[in-house]
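Asks: Protein sequences, first through last, are from chains U and A. Every letter in the first sequence is one number past the one before it in this note's numbering, and letter 118, counting from 1, is 118. Every number in this note's numbering is 554 more than the matching position in the second sequence, counting from 1.
It is worth saying that the hints were derived from the structure and are not from the lab. Honestly, I wouldn't trust all of these hints.
[Stated by the list, open to error] As a list, the in silico DMTMM-like pairs of lysine to aspartate or glutamate whose alpha-carbon atoms are at most 25 angstroms apart: (1) U:Lys98 / U:Asp47; (2) U:Lys279 / A:Glu595; (3) U:Lys26 / A:Glu628; (4) U:Lys279 / A:Asp618; (5) A:Lys643 / U:Glu66.
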Amino acid sequence: MTNTEPGIVQGLQLLQNEFAHQLPDKLKQLETTWNKIEGGNLSLLSDLHRQAHSFTGSGATFGFIELSRAARLLEQALQSLLDTGTAPGEAQYSHISKLLQQVHESAKLPPSAEMINTFGTENTPSQEQLKPDDARLIYLIEDDTLLAEHLATQINHFGYTVHIFSHTENAREHIQQKMPAAIIADISFAEGEKAGIESMLTLRQEGYALPALIFISSRKDFLTRLEAIRAGGMAYFGKPVDIGGLIDKLDLLTSNAQPEPFRVLVVENSATLAEVYAKTLGQAGMVTRRVTDPMQVMEALDDFSPELILMDINMPGANGEEVAQVLRQQEIHDSVPIVFLSGETDKDRQLVAMSHGGDDFLVKPIQADHLISSVGSRIERYRVLRNFMIRDSLTGLLNHTKIKEQLSIEIERAKRQERPLSFAMIDLDHFKNVNDTYGHPVGDKVLKSLARLLQQRLRKVDVIGRYGGEEFAVILTDTSGPDAVRTLDGIRKDLAEIRQHGENAEFSVTFSCGVASYPDFATPEAINNAADKALYRAKHDGRNRVVLVACKPK
Amino acid sequence: MSMDLKRILYVEDEPDIQAVAKLALESIGGFTVEICSSGQEALDKAPSWAPQLILMDVMMPGMDGPSTLGKLREIPGLSATPVIFMTAKVQPAEILEYKALGALDVIPKPFDPMTLAASVSAVWARAHD
Numbered sequence: 001m002t003n004t005e006p007g008i009v010q011g012l013q014l015l016q017n018e019f020a021h022q023l024p025d026k027l028k029q030l031e032t033t034w035n036k037i038e039g040g041n042l043s044l045l046s047d048l049h050r051q052a053h054s055f056t057g058s059g060a061t062f063g064f065i066e067l068s069r070a071a072r073l074l075e076q077a078l079q080s081l082l083d084t085g086t087a088p089g090e091a092q093y094s095h096i097s098k099l100l101q102q103v104h105e106s107a108k109l110p111p112s113a114e115m116i117n118t119f120g121t122e123n124t125p126s127q128e129q130l131k132p133d134d135a136r137l138i139y140l141i142e143d144d145t146l147l148a149e150h151l152a153t154q155i156n157h158f159g160y161t162v163h164i165f166s167h168t169e170n171a172r173e174h175i176q177q178k179m180p181a182a183i184i185a186d187i188s189f190a191e192g193e194k195a196g197i198e199s200m201l202t203l204r205q206e207g208y209a210l211p212a213l214i215f216i217s218s219r220k221d222f223l224t225r226l227e228a229i230r231a232g233g234m235a236y237f238g239k240p241v242d243i244g245g246l247i248d249k250l251d252l253l254t255s256n257a258q259p260e261p262f263r264v265l266v267v268e269n270s271a272t273l274a275e276v277y278a279k280t281l282g283q284a285g286m287v288t289r290r291v292t293d294p295m296q297v298m299e300a301l302d303d304f305s306p307e308l309i310l311m312d313i314n315m316p317g318a319n320g321e322e323v324a325q326v327l328r329q330q331e332i333h334d335s336v337p338i339v340f341l342s343g344e345t346d347k348d349r350q351l352v353a354m355s356h357g358g359d360d361f362l363v364k365p366i367q368a369d370h371l372i373s374s375v376g377s378r379i380e381r382y383r384v385l386r387n388f389m390i391r392d393s394l395t396g397l398l399n400h401t402k403i404k405e406q407l408s409i410e411i412e413r414a415k416r417q418e419r420p421l422s423f424a425m426i427d428l429d430h431f432k433n434v435n436d437t438y439g440h441p442v443g444d445k446v447l448k449s450l451a452r453l454l455q456q457r458l459r460k461v462d463v464i465g466r467y468g469g470e471e472f473a474v475i476l477t478d479t480s481g482p483d484a485v486r487t488l489d490g491i492r493k494d495l496a497e498i499r500q501h502g503e504n505a506e507f508s509v510t511f512s513c514g515v516a517s518y519p520d521f522a523t524p525e526a527i528n529n530a531a532d533k534a535l536y537r538a539k540h541d542g543r544n545r546v547v548l549v550a551c552k553p554k
Numbered sequence: 555m556s557m558d559l560k561r562i563l564y565v566e567d568e569p570d571i572q573a574v575a576k577l578a579l580e581s582i583g584g585f586t587v588e589i590c591s592s593g594q595e596a597l598d599k600a601p602s603w604a605p606q607l608i609l610m611d612v613m614m615p616g617m618d619g620p621s622t623l624g625k626l627r628e629i630p631g632l633s634a635t636p637v638i639f640m641t642a643k644v645q646p647a648e649i650l651e652y653k654a655l656g657a658l659d660v661i662p663k664p665f666d667p668m669t670l671a672a673s674v675s676a677v678w679a680r681a682h683d
């Protein structure tokens with residue numbers, strides 16, 4: 001997420017183009033000045049020096065790094081000539097002539113994209129919008145045909161199209177012709193014990209921007225893993241492959257959804273510094289909120305829900321350590337990472353700060369890129385941890401605690417906005433039979449397929465959770481009871497049509513669902529109980545149906 | 555709490571660099587930037603424009619950065635206006651020399667347009683905290 005405001009990137013691009021456009025004329029001026037000097041007009045030496053100096057300063061700023069470098073050498077040679085104040089001899093003429101030639105040569109090199117792209121929008125093929133078919137296309141490179149077939153079937157089941165290749169060469173040709181949404185590659189092949197890694201590396205060296213790349217291997221040593229990462233591997237699965245984990249990775253890596261920007265609360269009593277940090281992080285696409293008075297931190301926390309707090313350690317009123325201690329004593333905020341910023345180079349003070357609940361310590365003045373990477377990597381880790389805390393590990397849906405918490409929040413919101421809300425409880429029918437007949441792994445797969453179906457069919461604003469066992473809960477925001485029933489009944493019909501794969505057998509499953517709505521029921525407990533009763537009703541009436549609880553008599 | 559930096563006088567003879575720095579300082583830093591193409595123009599313009607900070611190239615035709623700084627200091631009202639030099643010469647000894655001349659700090663050239671504003675703000679903040 002390195003999105004800069006497009007206006008700046010475009011502005012810089014225009015200036016870079018303009019500089020490149022004028023470059024030939026400027027080089028010609030340089031040449032003309034030099035010709036006159038060679039013709040005997042030594043007074044122009046300082047002009048030539050100035051022109052060289054100008055290239056030194058401007059070249060690299062516009063991405064012509066080599067030009068800057070060559071111009072600097074020329075500038076230095078001319079400077080020493082000017083310093084001695086003597087007329088240049090033949091050797092010096094030829095030296096300067098050679099340096100000039102280098103300036104001309106280096107100006108022909110294309111400008112480094114660095115000026116624009118370091119912070120600009122990246123534009124690799126994998127990030128271009130793939131056509132709908134291709135967005136689900138997976139290449140599986142695996143020489144064990146049985147394993148390949150098995151994996152392909154499983155992955156297909158989750159809505160992907162899998163092409164199997166048993167040789168790296170064959171796969172490479174196809175990748176060069178058509179890029180899939182993801183590549184899953186084994187590492188050891190008959191053609192080489194690390195042929196999988198090598199072939200991907202070769203493709204990258206040939207300039208192909210590979211999509212999501214996942215390695216699977218029975219090799220578990222560190223070096224192989226490292227090599228896999230260097231070849232661009234974004235995930236690594238040991239064999240036997242954990243299908244659930246693999247699907248999750250595929251979903252994550254091939255999803256076109258833009259990740260939510262990182263949220264950082266900047267607590268710094270100097271408004272200027274707070275602004276500098278906010279702007280720097282903003283350049284990297286992060287969202288920030290600034291607080292200059294430590295007393296306002298609590299309010300900002302509740303209001304802004306940051307994923308990281310960047311806090312000055314020396315503040316009037318309450319210092320950073322004290323604020324951290326206060327935060328850490330409150331359960332709801334005790335996991336948000338705190339990074340201290342300070343001019344302190346004192347190790348002891350840093351250790352004390354850490355023991356008071358800080359997670360990291362950055363010493364001012366801090367480089368922009370260091371700040372961005374420190375904050376970014378902390379938030380990424382925080383998100384992973386938080387996922388463990390609030391999500392069900394099998395389905396990735398919210399866990400029981402979190403969805404109940406969310407129900408209270410959403411009902412409050414519905415009240416404020418005077419909009420309806422529906423709450424549904426979903427229970428798979430005869431799920432115990434599935435587990436008993438096909439085994440728990442198949443049962444788990446069924447649970448995941450329902451989870452995915454719900455995720456695919458419901459909106460982003462809806463909240464989906466696994467209540468436990470085969471029971472799911474859904475909050476449909478801004479949705480009346482009858483509308484919720486229509487949506488959920490569609491999902492019910494779809495699920496009944498999906499073929500589930502057990503060992504040597506196919507089967508299908510159904511669910512029963514109970515729905516209750518706000519404002520008919522106005523508290524989390526009431527709506528929960530009502531939906532539970534409706535679910536019971538659905539089961540009792542013969543399963544495989546959606547029941548809306550009758551409006552509570554007023 | 556420090557005073558917010560808004561008005562920057564930028565002294566630079568290269569039109570290319572002027573454009574990219576102005577864009578960077580205004581779009582990213584949110585500053586108001588006035589450009590002068592020579593030391594003399596800076597001396598003429600500074601008293602009425604009243605910058606909070608002057609950002610100045612060291613090597614310019616005519617009057618160079620250090621000479622301009624010396625003359626600025628003689629103008630009432632500009633004797634204490636902070637000046638940051640921008641230069642490719644950033645050896646520690648050279649930086650000390652510029653600071654001895656009264657420069658607040660030195661920003662190396664070539665600069666990265668995306669972080670120029672942050673560098674200027676950081677120098678300003680250090681000086682005012």
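Asks: Take the hints in turn and mark each one as holding or not.
Replies: Hint check:
no., hint, in the structure
1, U:Lys98 / U:Asp47, "holds (18 angstroms)"
2, U:Lys279 / A:Glu595, "violated (32 angstroms)"
3, U:Lys26 / A:Glu628, "violated (37 angstroms)"
4, U:Lys279 / A:Asp618, "violated (33 angstroms)"
5, A:Lys643 / U:Glu66, "holds (18 angstroms)"
Of the numbered hints given earlier, the model fails hints 2, 3 and 4; all others are met.
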